[in-house]
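Engineer: Given next are the chains, with one letter for each unit.
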Amino acid sequence: MRRALWILAVLLSHWRRHKMQFATLLIGLIAATALWSGVQAINQQARNAYDRAAATFGGARTAMLVAPKAATFSQELFVKLRRAGWPVSPVLEGRVQINGRSVRLLGIEPVTLPADVGNAPRLGASDLSSFVAPPGQTLVARETLADLHEAEGAAPAISDGAKLPPLRVLPQLVPDVLVVDIGVAQRLLNKPDQVSRLLIGEAKGKPAPLASVVGEQLQRVEPDAETELEHLTDSFHLNLTAFGLLSFFVGLFIVNSAVGLAFEQRLPMLRTLRACGASARLVNTVLVIELVALALIAGLIGLACGYFIAAALLPDVAASLRGLYGAQIPGQLGLRGEWWLAGIGISVAGALVAAATSLIKAVRMPVLATAQPRAWQQRQRRWLILQSCAACAVFAVASLLLHYGQSLIAGFGVLAALMLGAALILPAFLDIILLAGQRVARGPLALWFWADSRQQLSGLSLALMALLLALAVNVGVSTMVETFSRTFIGWLDGRLAADVYISASDNAQGVAIRSWLKERSDVQAILSGGRTEAQIQGQPVELLGLPDHALYRERWPLLQVAPRAWTRLVPGNAAFISEQLSRRLNVRLGDVIEVPAPGGTWELDIVGIYADYGNPRGQLAVNVAALIRQFPQTPQTRMGLIVAKEHIPGLIAALQKQFALDDRSVADQATVKAESIRIFNRTFAVTSALNAFTLGVAGIALLTSLLTLANSRLPQLAPLWAIGITRPRLAAIELTKTLSVALFTSLLAVPLGLLVAWCLIAIVNVKAFGWRLPFHVFPLQLVELVVVALLASLVAALLPMLRLARMQPTTLVKVFANER
Amino acid sequence: MEANNGFKTNATRHFRSKCATEQLCQFRPAPFIVLSIRNLSKTFSSAGEPVHVLRGVDLDLRHGERVALTGESGSGKSTLLHLIAGLDAADGGTIQLEEIEVTKLSDAGRAGLRRDRIGLVFQQFNLVPSLSVADNLAFQARIAGRHDAAWIKELVERLGLGGLLKRYPEQISGGQQQRVAIGRALATKPSLLLADEPTGNLDEATAEDVLALTRDLVARTGCGFLMVTHSLHLAATLDRHLTLHAGRIA
Amino acid sequence: MSADRISRRAFAAGIAALALARRAGAQGYAGLGETADGFAKVTPGKAFTFPADHGPHPEFRIEWWYLTANLVDGSGAACGLQWTLFRQAAQPGPQGEGWANQQVWMAHAAVTRADTHRFNETFSRGGVGQAGVTAKPFDAWIDNWEMKGLERTDDRTLAPLTLKASGTDFSYALTLEADRPVVLQGNGGYSRKSERGQASYYYSQPFYRARGNLTIDAKSVDVTGQAWMDREWSSQPLDADQTGWDWLSLHLASGDKLMLYRLRQKDGKDYPFGNWISATGETQMIAGGDIQMTPKATADVAGRKLPVEWQIAIPSRSFSIACKPLNPKAWMGTGFSYWEGPISFAGSHDGVGYLELTGY
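Protein chains in written order, with my numbering: chain Y, 1 to 820; chain Z, 821 to 1070; chain S, 1071 to 1430.
If we strip away everything but chain Y, and leave its shape as in the complex, we get (with noise of 0.2 Å):
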């Protein structure tokens, strides 16, 4: 132990003595690292609530029974069953409006609740007298009591003019639900002795047979292993984890080539380690070792800078999913155990694997050296070639992938095997255009400046794979996140057609506003619309319902449209569909598709298939008339108006001081549009987010190679020195190979960046969201990135060359005096 001790002392010198490359290697790891931990620790919060949503009360985490044919059944069912020693709990669901916002009521037995309900939030023993007894309870997400505007303790009222019971805050809720005792969620929902569902507890003993106690009325579902919103919100992680992994494997190159370096330069010391005595084995196991440590010091700090970044993203990532998928993740991080020991482990493993071939060799390593090292053309040929073909064989998966994948894990998979395949073929490609330059050389100086460039490639390669890969995601999600936003603002032109969009608080009130603006000179036209939801093929679908109006035959953007569309639209036996529902069900224009309706089944030609960014259900489009007759329970609470501009402000005030209707029931198409614009910012926002950390860590993958480069260069640089070359000039030389280098890589990321837009336009966002965009690119886009990856390799080269611009004459002639 001792010894070991001591020889880790001796190697832990090194550090001490070359405390740049230290940090270099901190760094790399710290950033594998972060990035990783971060986006690990947004998707976890993310999955929670997820969790915690499906788990409410006996969501989808919890086997239940349901009537196969209706919404609700008697609870005299409940009681047979209890009965015949069916541990069942009954469960009545059902919307309520409270000040105009539609909320999910879930009305619960307490008693009965199983107790091994997911991980629900449970009530302790003493609130449940004030949660049964009157006036009883309502349980709230705090965040859905601030979205109410409520008070805790106030007992607001529900459209029909019943009082909830006194809201309650039991904060672990998931929000946007109402819990209350089943018997209020009865009398509320006006379902005397009705409930949803029951949930099944532990059984006590052997219950009969379902079908003995209450024949076919009820049927058992079994809990889901993923919820729907886990479904939904699957690519949203894939995209965010692909992002962390991209940044992780960044960061690897930066550890890998410190390592590299740091065990080249401590082989000498490894000898005199083994020729003192100390057995390879040891040696060895002490490497490892301090690598571990090294990996755990550099773990910690990173997983606490991973806090600090998942903590910055996560209200763009929580705005993000309400807005795209209208998950609800709480803004507040919270943190298992499981995070920070994947974070260490992480860490851990990918110090290893980064420093795996270091660690070969240095087992392989016989303790007499063999003094010549190979000459470093014939090493960097081969090199090249086996990284050449590696290149080709990883394109070869990618274009497999794209011609037989089908899943976004397939899309994802393009995209990485073309990252990693152009990664693996840049040091061929810059080292080809190098020895062109090398052949059409003209003076000596200039030979030189070729041909050391072309050395130096094997040195500097992973710092410029990193930047290659960086720049490309760069250019890629810059051109997918432009296209889209370009799309989707003209797409938004067009469906906010109308000038004031009003929603009522219920039918009523709904009526009562037509008639008021019917009255008035200032309002052109009231365009009624409504919506609803239906099942087809067991997912829930929405129904919009479009008025008849020019305004909408002109300005409503359609992809795809059938001849004399909106006629056929009105009679109500045809429909548009958007192009996700239309991707989801495989329907085409002309084909005919059913929709359940109360009334029976509801045939409709779709004559038209329109985009609907941002929406995560399927959507159909019919005459609203139609709707209404189809789906009688339709709220009627949705108008635009026609409204002269000069008019608009006028009438909203008229309008809120009226029917006393607030921000988010009125509201002129600018706000909305500038409300919709900025939920697709904060969208894109983590993207971007994600995207400049991974361009930053680039970056000091970039700088940390010239750095450690920069000293085993002096043998190199010295005899130029020698024959007269100033230190300036020669400094001004390296930062011209090194720019140059950058450059060339900018320009081969350019490329690869664009066929990642495609990827990402073409494959991933279809999968993902099931639109696609029209593919545009963005040349001074791409200009200004060229020139940030410029600036960066500027900067990540400066600080070498001003050192060895300012270098002591007497470090380059020691090259000569103690040259090893």
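Please keep in mind that the hints were generated in silico from the structure rather than gathered at the bench.
Hints are not guaranteed to be accurate.
With a straight-line cut-off of 27 Å between C-alpha atoms, the simulated DSS-like cross-links for lysine-lysine are [claimed, not checked]:
#1 S:Lys1289 x Y:Lys206
#2 Y:Lys206 x S:Lys1234
#3 Y:Lys80 x S:Lys1116
#4 S:Lys1366 x S:Lys1394
#5 S:Lys1116 x S:Lys1218
#6 S:Lys1394 x S:Lys1375
#7 Y:Lys645 x Y:Lys657
#8 S:Lys1206 x S:Lys1218
#9 Y:Lys191 x Y:Lys163
#10 Y:Lys206 x S:Lys1218
#11 Y:Lys361 x Y:Lys19
#12 Y:Lys645 x Y:Lys518
#13 Z:Lys986 x Y:Lys19
#14 S:Lys1366 x S:Lys1339
#15 S:Lys1218 x Y:Lys80
#16 Y:Lys80 x S:Lys1234
Quick list of the computed label-pair ranges, beta carbon to beta carbon [to be verified]:
#17 Y:Ala441 x Z:Glu977: 39 to 49 Å
#18 Y:Gly215 x S:Thr1232: 18 to 28 Å
#19 S:Thr1285 x Y:Glu603: 30 to 40 Å
#20 Y:Gly215 x S:Glu1221: 20 to 30 Å
#21 Y:Pro571 x S:Gly1163: 51 to 61 Å
#22 Y:Ile289 x Z:Ser993: 31 to 41 Å
#23 Z:Asp927 x Y:Arg382: 28 to 38 Å
#24 Y:Ile289 x Z:Glu977: 31 to 41 Å
Each residue gets a CB set at the ideal place from its N, CA and C atoms; glycine is no exception.
Guided by the hints, dock chains Z and S onto chain Y, whose structure is given.
Structural biologist: Below, chains Z and S without anything else, positioned relative to chain Y:
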């Protein structure tokens, strides 16, 4: 980790502990043979052709005896030294260091042997660049678990390194570096000191100084000393001078 | 008569947890020391009428149907079982309809052998039919646990009855027969609990003969033996400073029955009570000063020290016995926990019975 290398018989342990108590190993019986080599052979292959470097070397070295080994370039001087130090494995013959048959040891066993019984000095000073002079002097003894502060203090005095302890190898001269290397090799009180061209990188005056110091220290510790050198002049200053020729000791 | 047994009953347990726990703990064991505002009061001189009084009395805060049985199986091995249904009103006043009903029901079931003790509990709200009691025909149920009269059930003896319950790893089914009428405890069914007037209505049927089968871990055995049912209701059975009780129901070999308990107080004093029921059904209260209840040995169960062995003497009746539990680990780890298990005793009299220890 390497305590069980098989070469520490009870007898040696007894002997060593006795030595340790008496600080200096002057009480080793003078005619005690520290190194005995019989019929040692080693063959390398170069461009597919076997090169017989050593063809049956025989050599005996007593405690306190100082022997110089010369020979033309490529005669196998360094190879012989490497084989004795266990840095490489012989193809035939035996090397016996005190009671231990070096040629029968495993790689780890040979490492243990170097650590505990052999001091090595090379032409390139082989100091750890990131350790100070003081740490370079001490680390082999530390790793061997035989650190003796008083002995190292004496070494520092005798080698004239007193003012340099806090410096790093790159901050001292070549002669000073070689003195540090010699001090490190002797810090474990080895049975045998092996030196491969220890003065090859030094000017003549410095070389003589360094060798004189080494001779004195070898006498002080009573270990055996085998030095490979080009210099017949330096070789002449030792007790015995052997020449390696055509793979044998002439 | 002091059948202040009411104190005994672990009713306390779950129901108090459900309905009263807001203030529980502050006042006596499990809230049994609550004041009775708004609920009906227990006053002396009530005329008991059957079958009506076999049914629920929702105007009182708490009530129970509590049955213990000392049984033997075919091989002669002793075992015991417990079946208890508790009712508690969360609020006084008129009975609410459906889910608005303020009654909360709780039940405990347990079986005990020398080598094992199994228990289970279940809860229900009143008003929807998941649990309840009807007097005629007699039926007390919660989920699929049930104590039910037959066509020929006699209101005076409250027999015959069938009884069933099941837990995750046990179940039982018994029929209960009795040929003597129920016995009013205390003073004509008025059982005083303290000097300050806390009291309950209390009657028992200690003469049941039981027969049926008992299943533990899917192994079923036939059992026979004797059983004891307590019926009790009150609105404030315990005084605020009473912390718990040690209670015994004893089946003497002679056919006589004996009910004994002591209430423990915060000040460390305790008050013993007793009631002797002759084999023919006559009852006689035993003066507190005449009862000597001495814990003899404790068992470590569920992190507590419980006095499971007792020396009991009633000098005036030349009664002196030593009680031992069938299984010292008969811990009811239910919502509110207590110890309840079969015992056997020997000395001046031999026999079997049940012991209950609460508030430890």
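Engineer: Cβ-Cβ distance between Y:Ala441 and Z:Glu977: within 39 to 49 Å?
Structural biologist: violated, 60 Å
Engineer: Tell me if the straight-line CA distance from S:Lys1116 to S:Lys1218 falls inside 27 Å.
Structural biologist: At roughly 26 Å apart (the allowed maximum being 27 Å), S:Lys1218 and S:Lys1116 satisfy the hint.
Engineer: Starting from the hint 31 to 41 Å, judge whether the C-beta atoms of Y:Ile289 and Z:Ser993 obey it.
Structural biologist: holds, 36 Å
Engineer: For a C-alpha distance cap of 27 Å, please report whether S:Lys1366 and S:Lys1394 respect it.
Structural biologist: holds, 9 Å
Engineer: Has the hinted range 51 to 61 Å been met by the Cβ atoms of Y:Pro571 and S:Gly1163?
Structural biologist: At roughly 60 Å between Cβ atoms, S:Gly1163 and Y:Pro571 fall inside 51 to 61 Å, so the hint holds.
Engineer: Given the hinted pair Y:Lys361 and Y:Lys19, is their Cα-Cα distance within 27 Å?
Structural biologist: holds, 23 Å
Engineer: Tell me if the straight-line CA distance from Y:Lys206 to S:Lys1234 falls inside 27 Å.
Structural biologist: holds, 14 Å
Engineer: Within a Cα-Cα threshold of 27 Å, do Y:Lys206 and S:Lys1218 meet the stated pairing?
Structural biologist: holds, 21 Å
Engineer: Can you confirm whether the C-alpha distance between Y:Lys645 and Y:Lys657 stays at or below 27 Å?
Structural biologist: With Cα atoms ~20 Å apart, Y:Lys645 and Y:Lys657 stay inside 27 Å; holds.
Engineer: Mind checking the hinted window 18 to 28 Å against the Cβ distance between Y:Gly215 and S:Thr1232?
Structural biologist: Holds: the Cβ-Cβ distance is about 26 Å, inside 18 to 28 Å.
Engineer: Between S:Thr1285 and Y:Glu603, does the C-beta distance stay in 30 to 40 Å?
Structural biologist: violated, 58 Å
Engineer: Between the alpha carbons of S:Lys1218 and Y:Lys80, is the straight-line distance 27 Å or under?
Structural biologist: With a Cα-Cα distance of about 17 Å, the restraint between S:Lys1218 and Y:Lys80 holds, given a limit of 27 Å.
In summary, the numbered hints that this structure violates are 3, 17 and 19.
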